[in-house]
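Number of protein chains: 2
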Amino acid sequence: MPTDGPSTLELAVSSVVFALRPHPETGELTLWLPLVRRIREPFEGRWALPGGPLDPQQDLVESARTTLHRTTGLTPRHLEQLYAFGDADRSPGAQDESPTRVVSIVYWALVRQDEDAEAVDGENVEWFPADDIAEEAGPLAFDHGVILAYALRRLRAKVIYSPIAHAFLPERFPLAQLRQVYEAILNRALDPSNFRRQILAQGTVEDTGERMTGTAHRPPKLYRSSPDRSRYTLTIQEN
Amino acid sequence: MPTDGPSTLELAVSSVVFALRPHPETGELTLWLPLVRRIREPFEGRWALPGGPLDPQQDLVESARTTLHRTTGLTPRHLEQLYAFGDADRSPGAQDESPTRVVSIVYWALVRQDEDAEAVDGENVEWFPADDIAEEAGPLAFDHGVILAYALRRLRAKVIYSPIAHAFLPERFPLAQLRQVYEAILNRALDPSNFRRQILAQGTVEDTGERMTGTAHRPPKLYRSSPDRSRYTLTIQEN
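If you read the protein sequences in the order shown, they are chains A and B. According to UniProt numbering, the stretch in the first sequence is residues 1 to 239, in order. According to UniProt numbering, the stretch in the second sequence is residues 1 to 239, in order.
Treat the hints as calculated values from the structure; they're not laboratory data. Glycine included, C-beta positions come from ideal geometry on N, C-alpha and C. Don't take each hint at face value.
Here are some chain A residues the structure puts well away from chain B; computed CB gaps all over 12 Å [unchecked claim]:
#: 1; residue: T26
#: 2; residue: D55
#: 3; residue: P56
#: 4; residue: D59
#: 5; residue: E62
#: 6; residue: G86
#: 7; residue: R101
#: 8; residue: D114
#: 9; residue: V120
#: 10; residue: D121
#: 11; residue: V125
#: 12; residue: R188
#: 13; residue: D191
#: 14; residue: L222
Computed cross-link-like contacts, EDC-like style, restricted to lysine to aspartate or glutamate with a CA-CA straight-line distance of at most 20 Å [claimed, not checked]:
#: 15; chain 1: B; residue 1: K221; chain 2: B; residue 2: E206
#: 16; chain 1: A; residue 1: K158; chain 2: B; residue 2: E206
#: 17; chain 1: A; residue 1: K158; chain 2: A; residue 2: E126
#: 18; chain 1: A; residue 1: K158; chain 2: A; residue 2: E135
#: 19; chain 1: A; residue 1: K158; chain 2: A; residue 2: D87
#: 20; chain 1: B; residue 1: K158; chain 2: A; residue 2: E80
Taking the hints into account, I'd like the entire structure generated from these sequences.
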């Protein structure tokens, strides 16, 4: 079906990579993500999501994984397709070139803390707290600001009705650590005893019978994600 | 970033269109979808999801809407991106051509019953009950069988934790009609009084204060979708 208009169609694969690290000012666990500084037009000098053109030999997810590893040194287990962004006008070409239509398939990766230990800084790659992007990184290249806002909104919605918070955790964890993940994702403090009561009532975690070692006088119990996901919904109460 | 391998990349937009119609044998409301018979290789003669190459001038969703209208006469309000399918080997070219890499962005449309009244049959277009595809339509072209299975699984999961069932309904509806939508999506009977109790406890519908007209001695109450979606989860009980 031949049509008029821009003749170049490019397919890109980009990733929003969320890891939990302490906030530089508050010290609280918070969402961070890596951005890449563009070294050519369009949007030279601006920060962008890690990504690149689809390698014709690679599956979409494989392509996302390759860029991710090249940019950050990470190979997170949780890598999931988020959305395809393809508005006709979303990617202006460099001024002297003919317009290129770029459709981006965006993946998101959620990085566990032990996986995050593998992170290395690449050239022109920097990590930012997700909620400080506007002040720290300025407006992003292309529509990547829109993509990031979409990813944050989806993550914050999904943490309520799905076990997605567990993607940031090791297999066994104390409830306080699970709460810190919810707090980091939702970007607000939760009442510890309400959280504990709700999570246990929900039946989405189960007691492993073990406790943390080498810590306190009365070390906290360790839980794991329950295989029963059928009743997954957490009503987060305000403090 | 030039690479070896297949040099042709094509971007297609396809749609899984679900409408609720009576099953030809049981008469029960059930999920139907339209398929298009392919009139050329590859997969000539097989049934496929409605779709076509992305028009470079159109946004992705606009392209989905155009194909959908051309194929079925429908313009459903609920049209949502489902997933991008792009495995490197998913689309073998016709035998004598060089291989083409096709990435398909798939949308799903949910058709309200009043919208479905607009449906017209196109040439080489036929509607099938979703769960009878294997027997009635045979194996689908490309990986469209996988795509359809994915769409059905997502719809059946989503009906439990989101208000997606309402996309099939008019603004005001009796609870029995909402139950029929759940039954059609889940493909099983639900106990009317359990369903009623659960839906009302959930707070996702609200009484309009009106009743159906021109029907029974004691016409059923009309409900509407509640704007409060914060506590959305329905635990469907077995009969």
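We went through each hint and held it up to the structure:
| no. | hint | in the structure |
| --- | --- | --- |
| 1 | T26 | holds (27 Å) |
| 2 | D55 | violated (5 Å) |
| 3 | P56 | violated (5 Å) |
| 4 | D59 | violated (5 Å) |
| 5 | E62 | violated (8 Å) |
| 6 | G86 | violated (4 Å) |
| 7 | R101 | violated (5 Å) |
| 8 | D114 | holds (29 Å) |
| 9 | V120 | holds (22 Å) |
| 10 | D121 | holds (22 Å) |
| 11 | V125 | holds (17 Å) |
| 12 | R188 | holds (15 Å) |
| 13 | D191 | holds (17 Å) |
| 14 | L222 | holds (27 Å) |
| 15 | B:K221 - B:E206 | holds (10 Å) |
| 16 | A:K158 - B:E206 | violated (25 Å) |
| 17 | A:K158 - A:E126 | violated (26 Å) |
| 18 | A:K158 - A:E135 | violated (26 Å) |
| 19 | A:K158 - A:D87 | violated (25 Å) |
| 20 | B:K158 - A:E80 | holds (17 Å) |
Checked against the numbered hints given earlier, this structure breaks hints 2, 3, 4, 5, 6, 7, 16, 17, 18, 19; the rest are met.
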